[in-house]
Amino acid sequence: MTDSPLLAVDNLRIDIGGGKERHAAVEDVSFSIARGETFGLVGESGCGKSITALSIMGLLRHPLSLGSGSSIVLDGQPIHNASAAEMRSLRGRRIGMIFQEPMTALNPLSPVGRQIAEMFVLHMGMGWKEATERAVDSLRQVRVPSPERRVHDYPHQLSGGMRQRVMIAIALACSPDMLIADEPTTALDVTVQAEIVDLMRDLCAEKGTAILMISHDLGLVAQVCRRVAVMYAGRIVEQRASAEVFKDPRHPYTRGLLASLPRLGARSQHGRQRLNEISGVVPAVSAFPRGCRFNPRCGARTDICTIEDPQTTPLDGGQGLVRCHHA
Amino acid sequence: MKWGTNLWVGGGLVGVSILVGVFADVIQLADPVTSANLMNAEIPPGREFPFGTDAQGRDIYSRIVHGARISLTVGLVSQIANSIIGVTLGLTAGYWGGWWDDFVSGLTNLMLAIPSLIFALAIMAILGPGLVSLLIALGLTNWSYSCRIARAQVLSLKSQGYIQAARILGYGDLRIMFTQLLPNMLGPLIVMATLGMGGAILAEAALSFLGLGIRPPYPSWGSMLSDAREQINTAPWLSVFPGLAIFLTVLGLNLLGDGLRDILDPQSKERTA
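Keeping their order, the protein sequence lines are chains A and B. Per the numbering used here, residue 1204 is the first one in the first sequence, and the count goes up by one each step. Per the numbering used here, residue 201 is the first one in the second sequence, and the count goes up by one each step.
Next comes chain A alone, as it looks inside the complex (with noise of 0.2 Å):
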């Protein structure tokens, strides 16, 4: 069992709308992470990046849905027809998940121990009482300062980076296998984005967690994650070990959300320097331009790219993959 991964993605694809108005929102996406491996998943907005994430948590709602022949698989049980009860048993208590705007993902009625609280409660039978000293323990492991009288507190007495850290400690709460991670840190200051990643990564390092991390931040998930997969129009275009896609990015899309970062200080010889962008916008789910979905914004398109779908070829000796005519 060791050797098989957390969780293995194969061949997913994601419907929207049916009948003759259906459309592969995301298609033919397979990635596996292994224990306690960060894995990070990049694309603009619009690319699926984050309905890849609810699929993964069986939370695909009227008008998507899973496509036939997808198959996910948690821990050698596959998941992607698990009944709903089967679901519910997973989320919270093997794989957590925390969300980008902490403002308004807690519950504003209710101090925010007693909704650590109920995790225990929910997901390991636990008494009140145990579980309100369990809920002050993880607001400490967060670091939240004066935690016996933090759990008190109703979310909208926190600030934004301490609310993210109660959404942690309730999403770590059970100590689940897998933390999805859908854009954590996009609505916080960068001096607390920071605290939040390096919070994020040593808890669950600690417990063994394996890190799904969903960004558009290339910096960030350069910072945190081993392995990542480029997404561009529900696909994956490059996947491979984060450094080697710092180093020698082979999609054109990768190259261009590089050349994109911001760069402190950054000079060219004139003196001043545009910042790079890629042009045009994600196509819509319904107009997917023919052959490779990238060919309209991409630099180095050639005939070929207009006319024939690129299939995925190896890189760095099968470690990793590119879907480019040109790679």
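Note that these hints are calculated values from the structure, not bench results. In this text the structure is predicted, and so the values were computed from the model without any measurement. Cβ coordinates follow ideal geometry from the N, Cα and C atoms, glycine included. Fair warning: there could be bad hints in the mix.
[What the hints assert, rightly or not] Here are some, though not all, of the chain A residues that point toward chain B, as calculated from beta-carbon distances under 8 Å:
(1) R1294
(2) T1307
(3) N1310
(4) V1339
(5) I1373
Let chain A serve as the given structure and place chain B on it in line with the hints.
For chain B alone, coordinates are given in the frame of chain A:
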């Protein structure tokens, strides 16, 4: 301190009417039913009869004190029934959606299209007058407002992060409904319920006025008003005091509803201060 005024005045009025109802046997001056004495008929308010006497010579004060029991029972019980029916339907309809939502919405629209007083009247006509049939009639006919509010609240709360978070953390449907959704929509529902209690008291008065409510000789504010309408020129105190009792109780409930709404918001400054 503006919110405090509403709360205290409303709470005071409601509190007084509850106390009056509870201790009616203690503070009455004469038996409300059996003290009839035609020799004392239609005596204006004075030292012996503070609110005067009615056409049968019964003490109006004592009858009003006992009428509080009936009015408050009707208001409370029928509104609790309405709230339970309405919130259950609205919560489940908003949360689950689909055909159940269509069905509940259709039913709500149907109920709203029928004037509830006429509907209650029809039920009363079938069940016959009396307190129990009054509770049934009023308890089954006014849930559409709480249902609509509950459903609308659920629809707006459903998109909130913490409701989705609860799902992601493995909460069951019922747990989400009762621990996450219900507490967060309680504010408007409580305001609705206090207003509805006032409405139920008025509806009881109207039904009793029409002769389909509480059976005489038992005192209810509505039936007292009904009896008094022929003497409104010669003995106005017969209608003024029951009318005043209804007015103050309903006013108190409405103010209480407003006051509660203010303190039920966890972010209101006054609460944390």
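So, going through the hints one by one against the coordinates:
{"no.": "1", "hint": "R1294", "in the structure": "holds, 4 Å"}
{"no.": "2", "hint": "T1307", "in the structure": "holds, 3 Å"}
{"no.": "3", "hint": "N1310", "in the structure": "holds, 5 Å"}
{"no.": "4", "hint": "V1339", "in the structure": "violated, 19 Å"}
{"no.": "5", "hint": "I1373", "in the structure": "holds, 7 Å"}
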